[in-house]
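Chemist: Chain by chain, the residues:
2 protein chains.
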Amino acid sequence: MAKVLTPQNDDFPRWYQELVAKAELADNGPVKGQQVIRPTGFALWERMVSEMDDRIKETGAENASFPLLIPQSYLSREAEHVEGFAPECWTVTHAGGKELEEPVVVRPTSETVIGEYMAKWVQSYRDLPLLLNQWCNVMRYEMRTRLFLRSSEFLWQEGHTAHATRDDAAGYNRRILHEVYQDFMENVVALPVLTGLKTAAERFAGAINTFACEAMMRDGKALQMGTCHELGQNFAKAFDIQYLGNDGQQHHAWTTSWGTSTRMIGGLIMGHGDDNGLRVPPRLAPVQAYVMTVKDGEGVGETAAKTHAALRAAGVRSKLDTRGDVPFGRRAVDAELKGYPVRVEIGPRDVAAGKVTLVRRVAGTKTPVPIDGVTEAIAEALETDQKALYDESLAFRASHTTDVSTLDEAIEAAGAGFARLAWDACGVDGETKAAERGVTVRCLQRADGSVPDDLDEPDLVATLSRSY
Amino acid sequence: MAKVLTPQNDDFPRWYQELVAKAELADNGPVKGQQVIRPTGFALWERMVSEMDDRIKETGAENASFPLLIPQSYLSREAEHVEGFAPECWTVTHAGGKELEEPVVVRPTSETVIGEYMAKWVQSYRDLPLLLNQWCNVMRYEMRTRLFLRSSEFLWQEGHTAHATRDDAAGYNRRILHEVYQDFMENVVALPVLTGLKTAAERFAGAINTFACEAMMRDGKALQMGTCHELGQNFAKAFDIQYLGNDGQQHHAWTTSWGTSTRMIGGLIMGHGDDNGLRVPPRLAPVQAYVMTVKDGEGVGETAAKTHAALRAAGVRSKLDTRGDVPFGRRAVDAELKGYPVRVEIGPRDVAAGKVTLVRRVAGTKTPVPIDGVTEAIAEALETDQKALYDESLAFRASHTTDVSTLDEAIEAAGAGFARLAWDACGVDGETKAAERGVTVRCLQRADGSVPDDLDEPDLVATLSRSY
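Chains A and B, in that order, are what the protein sequence lines are. If you want my numbering, it's the position in the first sequence, counting the first as 1, plus 312. If you want my numbering, it's the position in the second sequence, counting the first as 1, plus 312.
Because the hints were derived from the structure by calculation, they are not lab data. Do not take every clue at face value.
One copy or two, it doesn't matter: identical chains are merged, so the pair holds either way.
Stated by the list, open to error - Pairs of lysine to aspartate or glutamate, DMTMM-like flavour, derived with a Cα cap of 20 Å: (1) K699 to E363; (2) K369 to E358; (3) K344 to E411; (4) K369 to D495; (5) K334 to D586; (6) K678 to D633; (7) K667 to E688; (8) K432 to D339; (9) K631 to D365.
Could you put together the complete structure from these sequences and hints?
Modeler: As structure tokens, this is what we get:
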């Protein structure tokens, strides 16, 4: 097959840009840094939303919708928060042809406005925990933008919760990190992620602890796929979120927030894509099986339609392509680019032989399969290739991770992947020094890879790398 | 049960406002006219989205995501469109601490920005029809706002399609009107709707024809529940959406747009609510069965949990409430307010007798049911009460619709409901005169109630009423 993309090894950023365009995933918007997510890209997001939303609701959270516009004065109530976000805001000054009394900003994140309503809704310990989530758009001004990875507007979910105690807040936050984010990323997106604690420099503006999921892309760089924040009582104090305890006293609540975004689509592309295009893990794929006719001929259209119907009846997300006016080769290249897990090619010779041709995107195989065994063969292929993609990513990360003992070695090793260094051997000074060389501390873990409770724990291990 | 709401007949607007607050559906946002949709309200929207989205996809449309911000210059390209929408715009003038070169507006609707991309994506007749939809937020400045019904920001879906011919555009648009909108509103929301053509005065800014679904609220006023627009070639010419036909010539495409919004939640409330609160049709209801313990006692919690599990296993959307720290009476009133179709009350005496108490919101009945027959009884109740709610609405509309022969009679009759008047006896002058009395032409239909193709058809019948 002719190369339609610049190979990853020649120019990874260019490969990414070409893939996003040629697989029809997204376009740049007319306003700086905004994006248009096209149907092929948006279908990936819809599947992500569906899988994530089920997991979020399983933890007891409920969805709601808060306003797009936030008064500037709200942002200012939490000192660190306004310092972190004010420079990134898009500001609305006029409406209905008149200047507004107070300028309002397009939400960069919603801790402040949700804090205001939590204060109203939380009265007693019986109202806690209050577990909210919303799927929406947010805007942050960015100088250099890249589709999905860094855009002025993006789609995301932001969870916001209030709890009676610090322990309850921390425990719930950890459930989101592992049972929702890590589980989804590893078992659906098939990307292994490091879960760990962010350093003070990388912490969310206004949080006491930020935890993250970090995945390795195929160029060895890290991508932050999601974050969970313990906000302590910072926002509860700024917005007066108080409850009457069963001790008869008023207490400030403990809040958390957590988010994942359309950035995960960028992670999917750079984590699994190859020189022929995207490779979508079967469990995530909006189209799992792409049934296509090679050319017209006796029984071809009928066999394709029957195969498609049988797959749908078996619960496989199948798409049928019987277009006679687009050359087969172009359609096959397009299927590779879009990364459909399996492709079923049906031509006159296949039908005559009672077979179809099964092409697997991850396994890279192309084999004849009897028509009456195609559903089972595809079900098995989807299961096998989901696992294969995860195993491949895990092996790639392992072979691109180096244990080092000095900061210089870490910076050197980060040229090719992740470097693991004792946090004591790095520290805040080392972190600053590394940052000057384009290397950041992605997260801190305990020696056994588990997630520390806070920065005060001894013997933490830092993972350093270049990142998106 | 003590009255918790002002009765509808005493003060309908107040009843509405109290219901929205007490059923915890929504709150006013901090910025003028914005709204906070609370979990109970948002769950209704999620069910609407789910049902509508299935139907939209069934017509072949795909979801996508276009930018929130639109350059002002885009709006200006279609003369009628900018005249209609510019006065309602919210304008962003600054970002990242600097003034923007060109002010941008928060989308009031997306014909313009989507037109820009259609022009890019449509090259040949093979690219048509192009059927797009997006679920998003939009903003329109409003002087007087009311939660769900008229708010500065609202959530909606906006469909945008491009076609090779006027007939194809009109045919597809009509499918959306009937197979998506009317079908959803009547068979899920259980509200009968009039489908018809809007007059020139009520037409969408930039359209050649606007069609609408109009429902009757319980105070006799109309609520526009959704609209479909034939945009002719107006936007195709403004944005240069052209395709190469199989005749080898360039042609402008024909476009359509269509939308429904969180306003439908307002329609649900005012179309079905009664003096005890909301009544949610079973097929729509996020919570179809509310299983609640009356008070603690032997086997009570266990029976409730088993009943809840059995209902979920049977595909009923069940919610379990075993709160011992909130009085039963308050929980029962809350269940009425939120309009759960059936409530299963379980107390010690019920368990001792091997029964539970089934309370039906629409039928208004409260009957004992043997524990092992509860799932079947509920399945039947849900089916029956869905139909009962629709039939009730249909009968209400019929008894509040009057055929009249003069404009004065129409204005008089519109005080109590819908007035049907020959369009020839009303006309544009009559429409203006009626508007001065707060009465508008909701839509035009043929004498048999079917939808006319355009305003030039003879013998059309106008439905006039007061409206939201």
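Chemist: Does each hint hold? Answer for all of them.
Modeler: Now for the hints, and whether the structure bears them out:
With identical chains, the CA atoms of K699 and E363 are at most 20 Å apart within one copy only, with a shortest distance of 18 Å there and 33 Å across copies. In this assembly of identical chains, K369 and E358 lie within 20 Å of each other by CA distance both inside one copy and across copies; the values are 16 Å within and 13 Å between. In the homo-oligomer, the alpha carbons of K344 and E411 lie at most 20 Å apart only across protomers (13 Å), although the nearest pairing inside one protomer, at 24 Å, exceeds that limit. Taking the shortest Cα distances, K369 and D495 sit within 20 Å of each other inside one copy (14 Å), while across copies they are farther apart (29 Å).
In this assembly of identical chains, the alpha carbons of K334 and D586 lie at most 20 Å apart only when taken from the same copy (14 Å versus 55 Å across copies). For a Cα distance limit of 20 Å, the shortest separation of K678 from D633 inside one copy, 18 Å, qualifies, whereas the shortest one across copies, 54 Å, does not. Taking the closest pair of Cα atoms, K667 and E688 come within 20 Å of each other only inside a single copy of the chain (14 Å); across copies the shortest separation is 46 Å, beyond that limit. In this assembly of identical chains, the alpha carbons of K432 and D339 lie at most 20 Å apart only when taken from different copies (10 Å versus 41 Å within one copy).
Within a single copy, K631 and D365 get their C-alpha atoms only as close as 24 Å, which misses the 20 Å cut-off; across copies the closest is 18 Å, which meets it.
Consistency note: the structure conflicts with none of the earlier hints.
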